[in-house]
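Q: Chain residues, written in single-letter form:
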Amino acid sequence: MNADVTETQHGPLLPVQRRGGHEEPPRAARLTAVERYKEILATAAEAHDRMRGHDAERTRELIGRLIESQERMARVLQEEKVVRLGVELHWEKVTEALWEERWMRGKPRPAPDTAVPRRPLHEHVSAMDAAYQTLEDSLQKRTLLRRKP
Amino acid sequence: MSRRDDRRRRIEDSYEEFRSAVAAVLGAVTREHRELAEERARDMFEVVLRGEGVDRALDDPLLANALRNPLFGDRVLTALRDREQAFAEWSRSGAKRVADLVDEVAPGSASRPPEEWLGTPGTADGSEGVPELWRIGTGLVDSAPTLQPFPVAVPLLDQAHLHVSSTYDSRAQAESLVEGLLLRVLSHFQPGLVHVHVWDVNQLTGSLPGLYPLTRAGLLTVHDPARLHELLDELSDHIRRVHTSVLVEGHTSVRAVSEQTRRSEPWRVAVLFGNRQALKEEHQQQLQRVARNGLAAGVQLFLVDLPITVNSPVETVVLRPDGTATCTMTGRTTTVRLDEPLPRTEVPRACAAIAEKREERRSRFGTFADLLPARAHVWTDSSAAGVAAPVGFADGEPVHVHLGDTSPHALVGGPSGSGKTNFLYTMLGSLAARYSPDELELYLLDFKEGVSFAQFAPGRKDPTWLPHARLVGVNINTDREFGVALLRFLSEEMRRRADAAKRHEVTKLEELREEDPGGRWPRIVAVIDEFQYLFGERDHVTAQATQLLEDVARRGRSQGIHLVLSSQDVAGIEGFWGKSAIFEQFTLRIALPKARRVLAEPANDAAVELPRWHAVINHESGVRPGNLIARVPDATKRGTFDALQRTLWEMGPDDPPSLFDGSRVPGLEKQEDFQSLRPGDPSPAVLLGQVIDVAGSAARVRLARTPGRNVAVLGSEAADAAAVLGSAARSLSRQHEPGAARFDVVCLADDALPYATALRAELAECGHTADLVRGEGVRALLDAEAARLRGYGASAAEGPPPTPHYLVLYAVDAAQGLLEHKDATTRVSGVDSLRTVLKHGPENRTHVLGWWRGVQRLKNSLPPGVYDDIGAWIAFDVQGKELLSFGPEQVMAWSPRPRRGLFFDRFEHSRPQVVIPFDTGEDVP
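The listed protein sequences derive, respectively, from chains A and B. Last residue of the first sequence: 168 in the working numbering, with the numbers rising by one and none dropped. Last residue of the second sequence: 980 in the working numbering, with the numbers rising by one and none dropped.
Since the hints were made in silico from the structure, they are not lab data. Even for Gly, the Cβ is constructed at its ideal location relative to N, Cα and C. Heads up, a few of these hints could be off.
Here are a few chain A residues that face chain B, going by a calculated C-beta distance under 10 Å [what the hints assert, rightly or not]:
hint, residue
1, Thr62
2, Ala64
3, Ala66
4, Met70
5, His73
6, Arg103
7, Lys126
8, Ala130
9, Ala134
10, Tyr151
11, Ser157
Not everything, but these chain A residues come out facing chain B in the computed CB check (under 7 Å) [claimed, not checked]:
hint, residue
12, Tyr56
13, Leu85
14, Ile86
15, Ala93
16, Leu104
17, Leu108
18, Pro129
19, Met147
20, Ala150
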């Protein structure tokens with residue numbers, strides 16, 4: 020009888036009954052106190068890990084947003100610059116034009132009105148242009164301000 | 056309105072309009088910018104918040120302002136909500152579940168606050184379970200939304216070692232932790248169940264000073280820092296002893312053995328304080344071995360700042376310089392705050408109280424009643440794996456003896472007066488109380504004079520018996536045959552069990568009991584007191600006894616047959632010591648004070664100095680490490696063993712033991728074999744005496760119708776001869792219908808006359824023809840009978856069978872002179888007639904039962920050199936060698952013994968037997 024049984028990939032050649040061993044005893048249903056204690060504490064550890072994990076995920080998400088919003092910010096800044104420049108030009112011209120109207124009391128530049136209804140910027144710019152044109156037209160008595168057609 | 060005014064108004068209006076538009080456009084860009092910036096700020100804040108974790112962030116001073124900023128409020132709330140969600144289960148019930156668990160498994164001092172238990176010695180003995188966890192402090196899960204403290208506790212004793220790691224600053228805390236745990240453990244159990252050892256690499260005294268009062272009760276041992284090996288050796292020895300004596304029969308740990316019962320083996324807690332450096336290599340290795348094997352033996356380690364790798368369960372507490380700690384029970388997420396150290400002054404007081412209690416218990420001697428189980432536990436133990444029972448006390452704790460596969464047989468030694476009998480009573484009582492008669496049978500032989508074992512059989516004064524006793528032999532003295540008979544009986548029982556085991560395909564009694572739960576397979580313990588008498592002579596009996604003893608000693612263990620041999624003088628048994636095969640089997644050695652050769656001398660001389668009432672119990676064949684010295688209680692005084700026996704007798708079946716009492720004369724009337732005699736057998740049997748065997752059967756001779764069936768009694772005492780002749784004749788009387796047999800009772804000696812007369816009268820009363828013949832009448836009788844028999848010779852085959860005719864001849868040799876006379880006419884002497892009767896009688900149903908008062912006298916009655924007409928004889932006070940003509944060479948060993956005869960039946964026996972003549976019930980002076 021060959022006592023030197025080698026295990027093949029399908030398991031040992033001898034069936035369990037002849038191997039001289041015993042079956043695996045069923046897993047104890049009852050845990051020891053130590054095991055129960057550690058099991059409960061494990062829920063706290065799991066919660067902690069869950070929290071940190073969620074934080075990490077959220078952080079990744081936020082960083083993605085920040086990258087994207089960085090680009091948006093660059094655009095916004097650029098737009099602002101252009102708008103302010105345009106405003107400046109208009110304002111200078113208006114101030115100059117009103118200088119002749121000695122009866123007029125000039126007013127300071129208006130503060131930005133951040134409560135305006137939300138509209139695409141170009142609408143506000145157009146409105147400003149239109150208002151500028153209207154003002155120009157109203158000053159049209161003299162030919163000082165002659166708009167080119 | 057003038058045109059100028061009109062124009063001015065238009066200009067003003069349009070200027071306002073323009074100004075609004077400018078404000079609007081500026082507002083729009085500003086707003087967009089700001090909003091985006093805010094969004095980004097929030098996101099950036101949340102990255103920081105989440106990166107640290109909201110729990111840590113809340114405490115971070117750098118973030119304090121940001122956290123208060125309402126802009127970030129939402130994000131903070133979300134993070135907090137996320138945390139709550141993650142911890143939902145823990146917050147809901149985690150801390151409570153931990154607290155409930157600790158309450159459940161750590162009752163009493165294991166987890167309650169010190170004010171509830173410190174100072175009061177404990178009472179638990181392990182029978183109600185051992186706390187699985189012991190409190191060390193409070194834990195908090197720092198990152199949890201609500202701070203819910205819960206108790207932190209560690210396993211100790213049978214379950215795991217404890218490793219404490221501290222820093223220079225937190226060392227004092229480590230000591231407080233250890234002290235606190237030790238006090239919890241010490242205060243939980245009965246004093247004496249926990250022993251503490253302390254070793255500190257740096258100092259001899261000074262570690263755990265509060266525990267010092269325990270030293271006086273032997274509960275604390277402080278070890279010299281330079282002598283770590285002593286501590287390790289002590290622990291290793293203890294572990295080894297536990298493994299060989301307690302962890303037998305397949306138990307793997309003391310906890311398993313003591314499950315549900317009183318803890319049998321105290322715990323030993325060894326506290327070792329190190330200095331974060333590894334020990335010397337050999338100490339390290341030994342310590343690792345102790346760590347590996349200790350828990351199963353109840354040895355547990357507290358290692359403080361001592362690096363070690365163990366593959367036994369161990370929990371670690373790491374103390375941080377800031378006073379907090381982490382623990383492997385709670386993991387990395389919990390910060391443990393150890394409990395406050397116990398109040399400085401109360402610790403020594405509590406230890407003193409424990410020490411006192413312990414002293415009290417130690418000095419309590421322990422009575423016989425203390426050894427016995429509670430009423431509810433009488434007869435509840437199973438002997439499947441062996442038998443064990445306490446026989447005494449050491450330090451107030453019971454000391455057990457075990458008989459089983461690993462310690463099959465016991466040798467008990469001690470000179471007379473040393474308490475041997477008392478010890479045997481204690482042991483037998485303790486066993487008999489725990490195991491029922493179906494679990495344990497006792498066979499008890501007492502060779503010396505006296506009444507040691509008579510207690511176990513019913514007697515005149517005390518009708519009770521020990522239900523487990525199946526056979527009790529007392530006053531055996533010279534009846535060594537009885538010892539042989541018992542050994543033979545055990546040997547046969549062993550065979551019977553071995554056969555049964557084979558049938559069930561098992562090898563041991565334990566397995567047989569499993570395979571055959573319906574069968575009755577008790578363990579048998581045979582106790583032979585003063586067994587050396589069995590081997591006293593150099594004769595056939597000794598040879599037989601030795602051989603049987605070897606057989607039973609070697610093979611009895613697996614069949615559940617155990618021998619307990621006790622002796623005053625073990626040294627004197629040559630046959631015993633020479634046979635190491637026997638000797639080796641007696642692994643349990645019990646030495647009473649001054650016993651010699653029972654323990655492995657000269658190294659083990661514990662018996663020499665032993666005080667009275669003590670015994671050395673050693674399960675390891677007498678080597679010193681196996682010694683346990685127990686104080687044996689008094690089991691012989693009134694109210695001890697006798698009271699126990701009465702209680703057990705009342706519980707047991709109505710089946711008394713067979714009693715062999717060498718000093719008693721067996722009565723013929725009561726003999727079973729006699730009572731079962733009935734008429735009808737063509738070859739009636741005569742009962743001559745009682746054989747010395749376990750069954751107490753009768754020695755019998757069949758009086759068949761063949762030559763030689765005559766019985767001779769040889770001896771000078773009338774009483775002896777009369778007993779044999781009387782028994783024989785009465786046996787015959789029972790086996791014939793009235794009138795169907797004829798008896799001639801011949802009496803030729805005056806001292807036999809009363810017996811002869813009584814016999815004749817009794818035979819007549821039974822309806823048989825019975826004549827008493829005296830003096831000269833014997834000649835006529837013999838001549839007549841001889842003539843009749845000669846006449847038969849020819850016609851023996853025809854006609855009806857002759858009437859049985861029995862000649863009972865008392866002192867027939869007295870008539871020798873008379874019989875030698877030759878008849879004038881026939882030239883035939885009386886002796887010739889006698890010889891004819893002896894020769895031809897039996898085949899014609901005439902049998903002679905004769906008493907000759909000497910061997911030579913018998914020879915004179917027989918033809919020279921031709922003795923085979925006497926088929927069976929019993930010899931009393933004759934010398935063995937005189938009998939050589941009548942029997943095999945074994946007769947040589949015979950010499951006169953009071954009330955004993957040597958019996959030999961040529962037709963049945965290969966060697967003679969010793970028999971005890973019956974008391975035939977005659978009232979003669």
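Q: Take the hints in turn and mark each one as holding or not.
A: Results of checking the hints against the structure:
Proximity of Thr62(A) to chain B holds as hinted, the smallest CB-CB distance being about 5 Å (cut-off 10 Å). Residue-level restraint check for Ala64(A) holds (minimum Cβ-Cβ distance to chain B is 5 Å; threshold 10 Å). Because the smallest distance between the Cβ of Ala66(A) and any Cβ of chain B comes to about 4 Å, under 10 Å, the interface hint for this residue holds. Contact between Met70(A) and chain B, as hinted, is supported at the beta carbon level, the nearest pair being about 4 Å apart and thus within 10 Å.
A least Cβ separation of about 6 Å between His73(A) and chain B falls short of the 10 Å threshold, and the interface hint therefore holds. Taking 10 Å as the C-beta cut-off, the interface hint given for Arg103(A) holds, the closest approach to chain B being about 7 Å. Annotation: Lys126(A) was flagged as interfacial toward chain B, and the flag holds, the nearest CB pair being 7 Å apart, inside 10 Å. Contact between Ala130(A) and chain B, as hinted, is supported at the beta carbon level, the nearest pair being about 6 Å apart and thus within 10 Å.
Checking Ala134(A) against chain B: minimum C-beta separation of about 7 Å stays under 10 Å; hint holds. The beta carbon of Tyr151(A) is positioned within 10 Å of a beta carbon in chain B (closest approach about 6 Å), and the interface hint is therefore held. For the restraint placing Ser157(A) at the interface with chain B, the shortest Cβ-Cβ distance is roughly 4 Å, inside the 10 Å limit, so the hint holds. At about 6 Å, the closest approach between the beta carbon of Tyr56(A) and any beta carbon in chain B falls short of 7 Å, and the interface hint on this residue holds.
At a threshold of 7 Å, the smallest CB-CB gap from Leu85(A) to chain B is about 5 Å, leaving the interface hint in force. Below 7 Å, beta-carbon pairs count as interface contacts, and Ile86(A) has none with chain B, the closest being about 10 Å; its hint is therefore violated. Evaluation of the Ala93(A) hint against chain B yields a violated restraint, the C-beta minimum of about 10 Å exceeding 7 Å. A distance limit of 7 Å between C-beta atoms decides the matter here; for Leu104(A) the minimum to chain B is near 11 Å, and the interface restraint is violated.
This hint is violated: Leu108(A) has a C-beta 11 Å from the nearest C-beta of chain B, more than the 7 Å allowed. Using the Cβ-Cβ criterion of 7 Å, the hint placing Pro129(A) at the interface with chain B is satisfied: the shortest such distance is roughly 4 Å. Using the Cβ-Cβ criterion of 7 Å, the hint placing Met147(A) at the interface with chain B is satisfied: the shortest such distance is roughly 4 Å. Because the closest C-beta pair between Ala150(A) and chain B is about 4 Å apart, less than 7 Å, the hint holds.
Consistency note: the structure conflicts with the earlier hints numbered 14, 15, 16 and 17.
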